[in-house]
Amino acid sequence: MVADTLTGTDGIAAAGVGGAGTARRGRTRFLLRHLGTPAAIAAVLGVLYLWVHGLRLDSIERRTLNYTYMHDRVIEHLKLTVVATVIVIVIAIPLGVIISRPRARWVSPVVLALSNLGQAIPSLGLLVLLTIKFGIGFKIAMFGLVVYAVLPVLRNTMVGIQQVDPTLVEAARGMGMTRMQVLFSVELRLAVPVILAGLRTALVLTVGVATLATFVNAGGLGDMIVNGIKLSRHPVLITGSVLTCCIAFLVDWLGNLAEDVLRPRGLS
Amino acid sequence: MFDNSDGGVGIELRELTKRYPGQSAPAVDAISLDVAAGELVVFVGPSGCGKTTTMKMINRLIEPTSGEVRIGGEDVLRMRPDDLRRHVGYVIQQIGLFPHLTIAQNIGVVPKLLGWSKTRITDRIDELLGLVGLDAAQFRSRYPRQLSGGQQQRVGVARALAADPPVMLMDEPFGATDPITREHLQNEFLRLQRELRKTIIFVTHDFEEAIRLGDRIVVLREGSHIAQYDRPARILGAPADDYVAGFIGTASTLKRLALITVEDVFPADGGPPPAAGLPEVDTAATLREALDAMVANGTEEVAAVSGDIRHRLTYHDVCQAIQTNGREVEPSGG
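For the protein sequence lines, the chains are L and C, in the order given. Each step along the first sequence adds one to the number in this note's numbering, with nothing skipped, and position 151 is 151. Each step along the second sequence adds one to the number in this note's numbering, with nothing skipped, and position 90 is 90.
Since the hints were made in silico from the structure, they are not lab data. Misleading hints may appear alongside valid ones.
[To be verified] Some chain L residues close to chain C (C-beta under 8 Å, calculated; not the full set):
| # | residue |
| --- | --- |
| 1 | G46 |
| 2 | M177 |
| 3 | T178 |
| 4 | V186 |
| 5 | R265 |
Just so you know, even glycine gets a beta-carbon here, dropped at the ideal spot from N, CA and C.
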């Protein structure tokens, strides 16, 4: 199905727009635009390290502010985020495609309403309710994260496909593309920027919401933050928060990079 | 699919009807029409008269409620719609170039769907770009947004011609361009059509365009009923009824002058040579242009120039031409 789509670099004549000069200038601009965030993150982490290093830590602080503990929490946090995102992609994009079909257009206002409602529900409240009903653990945290992140991706997939100029679809059908070919080589291709924007939002959101996983005993950097608050250990609290923020920025940066790389060329 | 060794193939519509559920009157009411192979037939009529619906039933973007469509004698309704559409060129007003594909990839869409080899597609793309007057080396790898509206519409025509379909359907293809570009595109398109002789259904609501381009014109009224189906000169000269006359509007004589070229009316022996200092027109120019030159220069005659040969064309010649034309004389190239 995807194999007989019409796009891709094996296309009929793949060549750059403009000469080599503009290509080089484009690359420089690309690098400048995408190097800022990682540099800033590295600087923040460096300052954090120096600051914590200069403190006299008590035994409670030492129990959390060490490499092994932090490494495990970061990995847990990333795992929560990545697994939730993968599940979200698998659920939301196909579902978004299905409800963007003309026959299912009536569903779209419902999805938009649910999506806006979903964003308004406090995530902590949702997690607590889930825990009361289903208990605690990784799976429950995952469930909450997915419910939370699925809607922006679903909404953007739907909107991304619906905003494709209907005359392009008509032209494609008029040239004899099958419905599947129109979907894969025209509609989805042109929806890529909007879908990716939704995914980026969902990812950043997930990094934040994943700090709440600590309340259902699913680990993550939320452990450090909550410990820091409960035990009044500011270095622990601050380290946990800064690490979370850095991950969020990193994920956002990756999303931005993906948008730039995957956006179909030829779109302004 | 269709045998088109000599240009286009004929199209036949028989009692073709489209009825939408919940509407009392059919959008297209039993239209029957024969289009000869290689002719450019213009559907002209007011908005909502069913001309576009009729056209879209030919490539089955709209499925007919009843009736028959035959292209080159073959029953279109028994074909797979996607296969049919790959063999019928389709140009729309909004052009519909895919913004994420290069010009070459846009033109290559149908050949690729038909499974042509890469080298054959590449050769065809270059040939077509040349045909529509775009430099292949320069435009091949550009994206649609880097082209002007007129250039995009040329690519649209090239794309529709890509797999050399015998039949083309064109839905107000020049409607969205400015008047100067439109006239330019129309002229190029006519030149192209003289070479290719495709069978073309061309939809427009612009009567001037219909006269300019059509070998024949179908004037349609509500429900896609045919008010008149004839050559442009005869529709101008002898409108079937008030409706058609209303469509032609005023100054129909001037419009008819635009259909006749200086060559068409010239006496076989060429007549006397013109006096010196007269305004000059090309023999390929229309009588309207010749008259324009006379009025502008305050003379009653002009010099018709073709290479080294110069003839005299008088106001009287023009008047006589318009009286004989319309009922008997066919326009050139028709």
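Hints, one by one, checked against the model:
1. G46: Cβ of G46(L) sits 41 Å from chain C, so the hint is violated.
2. M177: holds, 7 Å
3. T178: Since chain C brings a Cβ to about 5 Å from T178(L), closer than 8 Å, the hint holds.
4. V186: With Cβ-Cβ at 6 Å, under 8 Å, it holds.
5. R265: holds, 7 Å
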